[in-house]
Amino acid sequence: MKNGIIVIGVFIGILLIGAGTVIGGYNTLVSLDQAVRSQWGQVENTYQRRADLIPNLVETVKGVAGFEKSTYIAVAQARASVGRVALPAGGSVTSDQGNLAKFAQAQEGLSSALSRLLVVSENYPDLKANQNFLDLQAQLEGTENRITVERMRYNEAAQAFNTTRNSFPTVVVAGFFGSRFNEKAYFQSQAGAQTAPHVKF
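Counting from 0, one number per residue, gives the positions in the sequence shown under numbering that gives the first Met the number 0.
I should point out that these hints are in silico values taken from the structure, not numbers from a laboratory. Computed from a predicted model, the values in this text were never measured in an experiment. Treat the hints with care, since some could be wrong.
Unchecked claim - Straight-line Cα separation of at most 25 Å, DMTMM-like style, residue types lysine to aspartate or glutamate; simulated pairs:
{"id": "1", "residue 1": "Lys61", "residue 2": "Glu107"}
{"id": "2", "residue 1": "Lys127", "residue 2": "Asp51"}
{"id": "3", "residue 1": "Lys61", "residue 2": "Glu121"}
Make the full structure from the sequences, and use the hints.
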(Lines of atoms letter the chains of each structure in order from A and count residues from 1; the text may use other names and numbers.)
(Lines give C-alpha, C1' and ligand atoms only; values in the text may rest on other atoms or scores of the structure.)
Protein backbone atom coordinates (compact mmCIF):
# COMPACT_ATOMS: atom_id res chain seq x y z
CA MET A 1 0.00 0.00 0.00
CA LYS A 2 2.76 2.39 1.01
CA ASN A 3 4.75 1.55 -2.13
CA GLY A 4 1.67 2.21 -4.26
CA ILE A 5 1.28 5.69 -2.76
CA ILE A 6 4.96 6.42 -3.44
CA VAL A 7 4.62 5.30 -7.08
CA ILE A 8 1.50 7.43 -7.53
CA GLY A 9 3.27 10.39 -5.90
CA VAL A 10 6.30 9.99 -8.20
CA PHE A 11 4.01 9.66 -11.22
CA ILE A 12 2.09 12.81 -10.27
CA GLY A 13 5.40 14.63 -9.68
CA ILE A 14 6.64 13.64 -13.15
CA LEU A 15 3.36 14.78 -14.69
CA LEU A 16 3.60 18.14 -12.92
CA ILE A 17 7.21 18.64 -14.02
CA GLY A 18 6.26 17.71 -17.60
CA ALA A 19 3.28 20.06 -17.58
CA GLY A 20 5.44 22.84 -16.12
CA THR A 21 8.04 22.30 -18.85
CA VAL A 22 5.41 22.43 -21.61
CA ILE A 23 3.70 25.51 -20.15
CA GLY A 24 6.99 27.31 -19.52
CA GLY A 25 8.31 26.44 -22.99
CA TYR A 26 5.09 27.55 -24.65
CA ASN A 27 5.01 30.87 -22.77
CA THR A 28 8.66 31.55 -23.61
CA LEU A 29 8.05 30.86 -27.30
CA VAL A 30 4.97 33.11 -27.30
CA SER A 31 6.96 35.93 -25.69
CA LEU A 32 9.86 35.62 -28.14
CA ASP A 33 7.49 35.28 -31.11
CA GLN A 34 5.76 38.51 -30.09
CA ALA A 35 9.16 40.22 -29.82
CA VAL A 36 9.96 39.15 -33.41
CA ARG A 37 6.55 40.35 -34.65
CA SER A 38 6.98 43.67 -32.86
CA GLN A 39 10.41 44.18 -34.36
CA TRP A 40 9.12 43.20 -37.80
CA GLY A 41 6.53 45.96 -37.38
CA GLN A 42 9.37 48.41 -36.75
CA VAL A 43 11.10 47.26 -39.93
CA GLU A 44 7.92 47.81 -41.93
CA ASN A 45 7.41 51.17 -40.22
CA THR A 46 10.82 52.49 -41.29
CA TYR A 47 10.35 51.25 -44.85
CA GLN A 48 6.94 52.96 -44.92
CA ARG A 49 8.52 56.19 -43.70
CA ARG A 50 10.91 56.07 -46.63
CA ALA A 51 8.10 55.31 -49.08
CA ASP A 52 6.16 58.31 -47.74
CA LEU A 53 9.12 60.65 -48.36
CA ILE A 54 9.63 59.60 -51.97
CA PRO A 55 6.66 61.41 -53.63
CA ASN A 56 7.84 64.73 -52.13
CA LEU A 57 11.39 64.04 -53.29
CA VAL A 58 10.22 63.20 -56.82
CA GLU A 59 8.07 66.35 -56.99
CA THR A 60 11.00 68.50 -55.86
CA VAL A 61 13.29 66.94 -58.46
CA LYS A 62 10.66 67.38 -61.19
CA GLY A 63 10.71 71.11 -60.51
CA VAL A 64 14.34 71.41 -61.62
CA ALA A 65 14.60 72.21 -65.31
CA GLY A 66 16.49 69.63 -67.33
CA PHE A 67 16.67 66.95 -64.66
CA GLU A 68 16.82 63.49 -66.25
CA LYS A 69 13.23 62.32 -66.36
CA SER A 70 14.26 58.67 -66.55
CA THR A 71 15.90 58.90 -63.12
CA TYR A 72 12.85 60.02 -61.16
CA ILE A 73 10.61 57.71 -63.20
CA ALA A 74 12.86 54.82 -62.12
CA VAL A 75 12.37 55.86 -58.49
CA ALA A 76 8.60 56.05 -58.89
CA GLN A 77 8.52 52.65 -60.59
CA ALA A 78 10.72 51.08 -57.90
CA ARG A 79 8.43 52.48 -55.20
CA ALA A 80 5.39 51.08 -57.01
CA SER A 81 7.05 47.66 -57.37
CA VAL A 82 7.55 47.51 -53.60
CA GLY A 83 3.79 47.86 -53.18
CA ARG A 84 3.15 45.05 -55.66
CA VAL A 85 5.16 42.45 -53.74
CA ALA A 86 2.50 39.99 -52.60
CA LEU A 87 3.39 38.70 -49.16
CA PRO A 88 1.19 36.71 -46.80
CA ALA A 89 -0.20 38.57 -43.81
CA GLY A 90 0.82 37.91 -40.25
CA GLY A 91 3.90 36.14 -39.00
CA SER A 92 4.38 33.92 -42.05
CA VAL A 93 6.62 36.53 -43.70
CA THR A 94 9.07 36.23 -40.85
CA SER A 95 8.91 32.42 -40.87
CA ASP A 96 9.69 31.99 -44.57
CA GLN A 97 13.13 32.90 -45.93
CA GLY A 98 11.74 33.08 -49.50
CA ASN A 99 9.07 35.63 -48.57
CA LEU A 100 11.54 37.71 -46.59
CA ALA A 101 14.00 37.60 -49.50
CA LYS A 102 11.27 38.84 -51.92
CA PHE A 103 10.46 41.70 -49.55
CA ALA A 104 14.15 42.61 -49.14
CA GLN A 105 14.84 42.40 -52.88
CA ALA A 106 12.03 44.83 -53.70
CA GLN A 107 13.27 47.23 -51.02
CA GLU A 108 16.86 46.94 -52.32
CA GLY A 109 15.62 47.86 -55.80
CA LEU A 110 14.11 51.02 -54.35
CA SER A 111 17.31 51.80 -52.42
CA SER A 112 19.31 51.43 -55.63
CA ALA A 113 16.98 53.75 -57.58
CA LEU A 114 17.14 56.35 -54.79
CA SER A 115 20.94 56.16 -54.76
CA ARG A 116 21.04 56.82 -58.51
CA LEU A 117 18.72 59.79 -58.09
CA LEU A 118 20.87 61.30 -55.35
CA VAL A 119 24.07 60.76 -57.36
CA VAL A 120 22.57 62.36 -60.49
CA SER A 121 21.32 65.30 -58.40
CA GLU A 122 24.96 66.30 -57.80
CA ASN A 123 25.04 67.52 -61.43
CA TYR A 124 22.30 70.11 -60.76
CA PRO A 125 23.41 73.16 -58.75
CA ASP A 126 19.81 74.44 -58.53
CA LEU A 127 18.74 71.20 -56.94
CA LYS A 128 21.68 71.12 -54.53
CA ALA A 129 20.74 74.64 -53.43
CA ASN A 130 17.03 73.79 -52.98
CA GLN A 131 16.33 73.69 -49.23
CA ASN A 132 13.34 71.38 -49.63
CA PHE A 133 15.50 68.89 -51.54
CA LEU A 134 18.28 69.12 -48.95
CA ASP A 135 15.78 68.51 -46.13
CA LEU A 136 14.28 65.52 -47.92
CA GLN A 137 17.74 64.14 -48.69
CA ALA A 138 18.71 64.41 -45.02
CA GLN A 139 15.47 62.70 -43.96
CA LEU A 140 16.06 59.89 -46.47
CA GLU A 141 19.61 59.37 -45.26
CA GLY A 142 18.36 59.24 -41.67
CA THR A 143 15.67 56.77 -42.69
CA GLU A 144 18.20 54.53 -44.44
CA ASN A 145 20.19 54.45 -41.20
CA ARG A 146 17.03 53.58 -39.26
CA ILE A 147 16.27 50.77 -41.71
CA THR A 148 19.72 49.30 -41.12
CA VAL A 149 19.28 49.48 -37.35
CA GLU A 150 15.76 48.01 -37.38
CA ARG A 151 16.84 45.15 -39.64
CA MET A 152 19.73 44.41 -37.28
CA ARG A 153 17.35 44.44 -34.30
CA TYR A 154 14.94 42.18 -36.16
CA ASN A 155 17.75 39.69 -36.83
CA GLU A 156 18.68 39.78 -33.14
CA ALA A 157 15.07 39.07 -32.13
CA ALA A 158 14.88 36.25 -34.70
CA GLN A 159 18.14 34.79 -33.37
CA ALA A 160 16.86 34.87 -29.78
CA PHE A 161 13.67 33.09 -30.88
CA ASN A 162 15.49 30.48 -32.99
CA THR A 163 18.08 29.76 -30.30
CA THR A 164 15.39 29.15 -27.67
CA ARG A 165 13.12 27.29 -30.06
CA ASN A 166 15.87 24.84 -31.04
CA SER A 167 17.13 24.26 -27.49
CA PHE A 168 16.07 21.19 -25.55
CA PRO A 169 13.40 20.74 -24.18
CA THR A 170 11.76 23.71 -25.91
CA VAL A 171 12.27 22.12 -29.33
CA VAL A 172 10.00 19.29 -28.18
CA VAL A 173 7.36 21.76 -27.01
CA ALA A 174 7.57 23.67 -30.32
CA GLY A 175 6.99 20.40 -32.17
CA PHE A 176 3.64 19.96 -30.41
CA PHE A 177 2.28 23.13 -32.04
CA GLY A 178 3.08 22.44 -35.71
CA SER A 179 3.88 25.55 -37.74
CA ARG A 180 2.87 27.92 -34.92
CA PHE A 181 6.51 28.18 -33.82
CA ASN A 182 8.45 27.75 -37.07
CA GLU A 183 11.98 29.16 -37.11
CA LYS A 184 12.25 32.83 -38.02
CA ALA A 185 13.94 33.96 -41.23
CA TYR A 186 16.85 36.41 -41.24
CA PHE A 187 17.55 39.45 -43.36
CA GLN A 188 20.60 38.59 -45.44
CA SER A 189 22.83 40.80 -47.53
CA GLN A 190 22.18 40.87 -51.25
CA ALA A 191 24.53 39.07 -53.60
CA GLY A 192 27.62 41.19 -54.17
CA ALA A 193 26.99 43.30 -51.07
CA GLN A 194 30.49 42.50 -49.80
CA THR A 195 31.94 44.54 -52.71
CA ALA A 196 31.95 48.26 -52.03
CA PRO A 197 30.08 50.22 -54.72
CA HIS A 198 32.14 52.52 -56.93
CA VAL A 199 30.48 55.95 -56.97
CA LYS A 200 31.68 58.67 -59.32
CA PHE A 201 30.51 62.26 -58.98
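Now the hints, each set against the structure:
Distance restraint check for Lys61 and Glu107: the Cα-Cα separation of roughly 23 Å lies within the 25 Å cut-off, and the hinted pair is therefore satisfied. With a C-alpha separation of about 21 Å, the suggested pair Lys127 and Asp51 falls inside the 25 Å cut-off, and the hint holds. Straight-line distance between C-alpha atoms of Lys61 and Glu121 comes to about 15 Å, which keeps the hinted pair within the 25 Å bound.
Of the hints listed earlier, there is not a single one the structure fails to meet.
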